[in-house]
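Colleague: Residue numbers (this note's numbering), protein chains in the order written: chain R, 50 to 160; chain B, 8 to 121.
Simulated from the structure, these hints should not be mistaken for lab results. Bear in mind that the values here come from a model prediction, so they are computed numbers and not experimental data. Even glycine gets a Cβ: it sits at the ideal position worked out from N, Cα and C. Among these hints, one or two may not hold up.
As the list claims (entries may be wrong) - Interface residues of chain R toward chain B, partial, derived using beta-carbon atoms under 8 Å:
1. Ser58
2. Pro89
3. Leu93
4. Thr157
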Amino acid sequence: AQSVTQLDSQVPVFEEAPVELRCNYSSSVSVYLFWYVQYPNQGLQLLLKYLSGSTLVESINGFEAEFNKSQTSFHLRKPSVHISDTAEYFCAVSDDYKLSFGAGTTVTVRA
Amino acid sequence: NAGVTQTPKFRVLKTGQSMTLLCAQDMNHEYMYWYRQDPGMGLRLIHYSVGEGTTAKGEVPDGYNVSRLKKQNFLLGLESAAPSQTSVYFCASSYPPQTLGEQFFGPGTRLTVL
């Protein structure tokens, strides 16, 4: 089974500052990679995904993630965060039709 | 198109009581999943189903049972609830040939076992 490591459990950040959330996974074979976001008291929503092609993928709200096969990483970045980005972020890797999740990173954006 | 819905949203049980959580999806997805979410542990797979009438164990199946009598519904049962089952439960669905590993999640059920 795949394993996913999110290196930071809590990331406090000031509004308009950049943020990076780190994610490493265990597999060396081809995988699909995902970042999900969970806003307070809500379910999980897909933020972005890597399936194939360009190693840099972007979301509609300014997040981007880069797939690095040699380092088995899929780090998430945003150059300027908003208060509304306060949420928990989960990295996930597909293993056939199942997903393995990291433990999550809580991002708290302060004014 | 409601997506994935879960019933109920909240529930409080006493130790030893039983209950069933209902998950429904209207996307005609073949695969459905039950997860539990606990602080600092991410989401862990309890049971899953790859089609009507089929079920399989996930990472943490003990104390839970499931049934998939209809394609659109996936039920999670607790026969004798324990405080260790206090958690937030999420249902998800997918259809890998189309969704390519992406899963679609319900809003969750917050269960407290006293």
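Colleague: It remains to establish, for every hint, whether it holds in the given structure.
Modeller: Outcome of the hint check:
1. Ser58: holds (7 Å)
2. Pro89: Violated. Min distance 12 Å.
3. Leu93: The hint holds - Leu93 of chain R has a Cβ within 8 Å of chain B, the shortest such distance being about 4 Å.
4. Thr157: Hint violated; Thr157 of chain R Cβ to chain B Cβ min 15 Å, cut 8 Å.
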